[in-house]
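Colleague: Sequence:
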Amino acid sequence: MPTKRTTPDFILMIVTFTLLAVGLIMVYSASAIWAEYKFHDSFFFAKRQILFAGVGIAAMFFIMNINYWTWRTWAKTILIVCFVLLVLVLIPGIGNVRNGSRSWIGVGAFSIQPSEFMKLAMIAFLAKYLSEKQKLITSFKKGLLPSLGLAFTAFAMIMLQPDLGTGTVMIGTCVVMIFVAGARIGHFAFLGFMGVAGFVGLIASAPYRIKRITSFLDPWSDPLGSGFQIIQSLYAIGPGGLFGLGLGESRQKFFYLPEPQTDFIFAILSEELGFIGGSFILILFALLLWRGIRIALGAPDLYGSFLAVGIIAMVAIQVMINIGVVTGLMPVTGITLPFLSYGGSSLTLMLMAIGVLLNISRYARY
-9 MPTKRTTPDF
1 ILMIVTFTLL
11 AVGLIMVYSA
21 SAIWAEYKFH
31 DSFFFAKRQI
41 LFAGVGIAAM
51 FFIMNINYWT
61 WRTWAKTILI
71 VCFVLLVLVL
81 IPGIGNVRNG
91 SRSWIGVGAF
101 SIQPSEFMKL
111 AMIAFLAKYL
121 SEKQKLITSF
131 KKGLLPSLGL
141 AFTAFAMIML
151 QPDLGTGTVM
161 IGTCVVMIFV
171 AGARIGHFAF
181 LGFMGVAGFV
191 GLIASAPYRI
201 KRITSFLDPW
211 SDPLGSGFQI
221 IQSLYAIGPG
231 GLFGLGLGES
241 RQKFFYLPEP
251 QTDFIFAILS
261 EELGFIGGSF
271 ILILFALLLW
281 RGIRIALGAP
291 DLYGSFLAVG
301 IIAMVAIQVM
311 INIGVVTGLM
321 PVTGITLPFL
331 SYGGSSLTLM
341 LMAIGVLLNI
351 SRYARY
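With the first letter of the sequence shown counted as 1, position 80 gets the number 70 in the working numbering; the numbers rise by one all the way through.
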């Protein structure tokens, strides 16, 4: 267990707080009209996001001061607890249904989304497994299959909710970690073919997913149905131009883009702050990725390296999918933009993950 501790990565902390500050401003700007209409309080979503941010920041600073090896010790227990929560959320009366998915446990704004926390639990456990079994990872049967088998078990449980977006991020993160650990490309190629077949099966099994694919290929074929969200998102981004319409001046948030404070907040940000504002956010995420990679390379042991790789891969994959959806480069799926989108579980989870990354940075050599 590393014991010589220094100061945390200052740049990573500043980038995180900058993204969080922009996110709080944009949640209010994007949600004010809808919140006033639905709850007669334009600050309804903003106040809750500030509360979530406060909880997340407190958790981040607390975790930042806990030796990351603690997660190695408790990784198995945390994973089991998350699996239990994934079972509980499927039970009527315990799990709450929102937007067609039974993904939440709790009451009102104080609900949690177990699938979000499963992502971090899987990263902690897989980092432990890979650091102990790295020599076996080149073996399909003894190394690759057990690790991916566990990840796909969690994915299957998440799909019962269903929540394809969260499950995809988790699987993508696990694949990155296993690849970095030294798995053979030939094994990945074989599993890639299997994965594509399975993905096609998942899409074909649900009519709404087929509609999302067709709307991705040609959203104007059904402009008032499956293509509505992406068309309205592009209508938001396009008029933003270089400098945007101005903070608070979005037109699409006037009931055109459904619940713009969540998955499509980047569209509103681009409309109000333009290409410059959108590029600034992408630069901040690039800086966060850079600092995370440096921390992973400088970690004092394999567990710290794999843990850092998993966290930064989770953030990067989620950003790529969200912005890909918003800009029409990927089919629509429910993925929040880290630190910016409204959502308590997602924001708290991301800040906790950054807390772990900051703690690893306190022992890193770079």
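Worth flagging that the hints you see were computed from the coordinates, not collected in a lab. In this text, a Cβ means the ideal position worked out from N, Cα and C, and glycines have one as well. Some hints could be false.
[Claimed, not checked] FRET-style restraints, in silico, Cβ to Cβ:
#	residue 1	residue 2	range
1	PHE169	THR60	38 to 48 Å
2	GLY238	PHE0	28 to 38 Å
3	GLU122	ARG88	34 to 44 Å
4	LYS66	ARG355	27 to 37 Å
5	GLY44	LYS131	46 to 56 Å
6	GLY231	LYS131	18 to 28 Å
7	VAL74	PRO213	24 to 34 Å
Colleague: So, for every hint listed, does it hold in this structure?
Modeller: Right, here's what the structure says about each hint:
Our hint of 38 to 48 Å for PHE169 and THR60 is violated, since their Cβ atoms are close to 26 Å apart. About 32 Å separates the C-beta atoms of GLY238 and PHE0, a value consistent with the hinted range of 28 to 38 Å. Range check, GLU122 to ARG88: about 38 Å between beta-carbon atoms, so the 34 to 44 Å window is met. Between LYS66 and ARG355 the Cβ separation comes to about 28 Å, which falls inside the hinted range of 27 to 37 Å.
The hinted range of 46 to 56 Å is satisfied by GLY44 and LYS131, whose Cβ atoms lie roughly 47 Å apart. Taken as a hint, the range 18 to 28 Å is violated for the pair GLY231 and LYS131, whose Cβ atoms sit roughly 56 Å apart. Taking the beta carbon of each, VAL74 and PRO213 are about 44 Å apart, not inside 24 to 34 Å as hinted.
Hints 1, 6, 7 from the list above are not met by this structure, while the remaining hints are.
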